[in-house]
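> Given next are the chains, with one letter for each unit.
Protein chains: 2
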Amino acid sequence: MEHAMETMMSTFHKFARYKSYLTKEDLRVLMEKDFPGFLENQNDPLAVDKIMMDLDECRDGKVGFQSFFSLITGLTIAFNDYFVVNMKQKGKK
Amino acid sequence: MEHAMETMMSTFHKFARYKSYLTKEDLRVLMEKDFPGFLENQNDPLAVDKIMMDLDECRDGKVGFQSFFSLITGLTIAFNDYFVVNMKQKGKK
Numbered sequence: 001m002e003h004a005m006e007t008m009m010s011t012f013h014k015f016a017r018y019k020s021y022l023t024k025e026d027l028r029v030l031m032e033k034d035f036p037g038f039l040e041n042q043n044d045p046l047a048v049d050k051i052m053m054d055l056d057e058c059r060d061g062k063v064g065f066q067s068f069f070s071l072i073t074g075l076t077i078a079f080n081d082y083f084v085v086n087m088k089q090k091g092k093k
Numbered sequence: 001m002e003h004a005m006e007t008m009m010s011t012f013h014k015f016a017r018y019k020s021y022l023t024k025e026d027l028r029v030l031m032e033k034d035f036p037g038f039l040e041n042q043n044d045p046l047a048v049d050k051i052m053m054d055l056d057e058c059r060d061g062k063v064g065f066q067s068f069f070s071l072i073t074g075l076t077i078a079f080n081d082y083f084v085v086n087m088k089q090k091g092k093k
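Chains as they are written, first to last, in this note's numbering: chain A, 1 to 93; chain B, 1 to 93.
Treat the hints with caution; some may be incorrect.
Copies of the same chain look alike in the list, so a pair counts if it works inside one copy or between any two.
Unchecked claim - Distance condition first, Cα-Cα at most 30 Å in a straight line; then the derived BS3-like pairs of lysine-lysine:
no., residue 1, residue 2
1, K19, K88
2, K50, K90
3, K14, K62
4, K14, K33
5, K24, K88
6, K62, K90
7, K33, K19
8, K88, K14
9, K19, K50
Rather than coming from a laboratory, the hints here were simulated on the basis of the structure.
With the hints as constraints, model all of the structure from the sequences given.
Here it is as C-alpha cells:
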C-alpha cells in the first residue's frame, strides 16, 4: 500500500514538473499517459476541461495535490463499484 | 497509476475477506501489515480504535471502501506534505 501511495505522489510531482500544482495541460498529459482507457471511453473532447472545472475550485488554473487526489478517489471508488458488481455476478460475494 | 489504484482495491478486499466492509480487527491487521511504521510511530495502543472511530461514521462497526479510502487520502496527503517540505529543504522547489 505504501508503494501505491508513493506512486500516486510521484506521478503528481512528475507531471507537475516540481511545481506544486498541475495546469490543465499537465492534467491532460497525465490523463492521456496514465488513464488512456478512461479518456477514450469518455468520447468527449472536453472531458479534461470538465474534470479541470471540477478540480480547480479556486478558478486559478491550478490543481494542487489534494484536489488531484479527489480525482483519484472518485476514479478508484468508481472502479471498485464496478469490481464489486462483477464479483457479485460471478457469485463471489 | 491504474496499478496503484488496483492495489488499493485489492488490499481492501483481501482484508475484508470478500465482505464489503472492514471490521476493527480487519483494519488492525491491515494497518499492522501494510502500515507497520505508521502504527509504531503513533506509540498509542488505541491508535486503531481512534482511526475506527473516525472512519465508522454510522457506528455499526463496519468500514466500507469509501471510508477506507478517506483514510488512504489522509495518509497520502500527509506523506505528500512531508515530501514537499523535504524537497524544499533540499532546494528542489
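> Classify it for me, K19 with K88: is the Cα-Cα distance of at most 30 Å met within a copy, between copies, both or neither?
Cα proximity of K19 and K88: across copies only (11 Å, versus 43 Å in one copy).
> Is it within, between, both, or neither for K19 and K50, if the alpha carbons may be no more than 30 Å apart?
within (22 Å within a copy, 35 Å between copies)
> At most 30 Å between alpha carbons: which applies to K62 and K90, within, between, both or neither?
between (42 Å within a copy, 24 Å between copies)
> Within a copy, between copies, both or neither: where do K50 and K90 come within 30 Å Cα-Cα?
neither (35 Å within a copy, 36 Å between copies)
> From the Cα coordinates, with 30 Å as the cut-off, is the pair K33 and K19 best called within, between, both, or neither?
Within. Shortest intra-copy distance 19 Å satisfies the 30 Å Cα cut-off; inter-copy 34 Å does not.
> Between the shortest in-copy and the shortest cross-copy C-alpha distance, which are at most 30 Å for K14 and K33: within, between, both, or neither?
Both ways: K14 and K33 sit 12 Å apart in one copy and 29 Å across, limit 30 Å.
> Pop the pair K24 and K88 into one bin, within, between, both or neither, using alpha-carbon distances up to 30 Å.
Answer is between: at 24 Å across copies they meet the 30 Å cutoff, but 38 Å inside does not.
> Indicate which option fits the pair K14, K62 if close means a Cα-Cα distance not exceeding 30 Å: within, between, both or neither.
within (15 Å within a copy, 36 Å between copies)
> For K88 and K14, with the copy left unspecified, which applies at a CA distance of at most 30 Å: within, between, both, or neither?
For K88 and K14, only the inter-copy Cα distance (16 Å) is at most 30 Å; the intra-copy one is 37 Å.
Checked against the numbered hints listed earlier, the structure breaks hint 2 alone; every other hint is satisfied.
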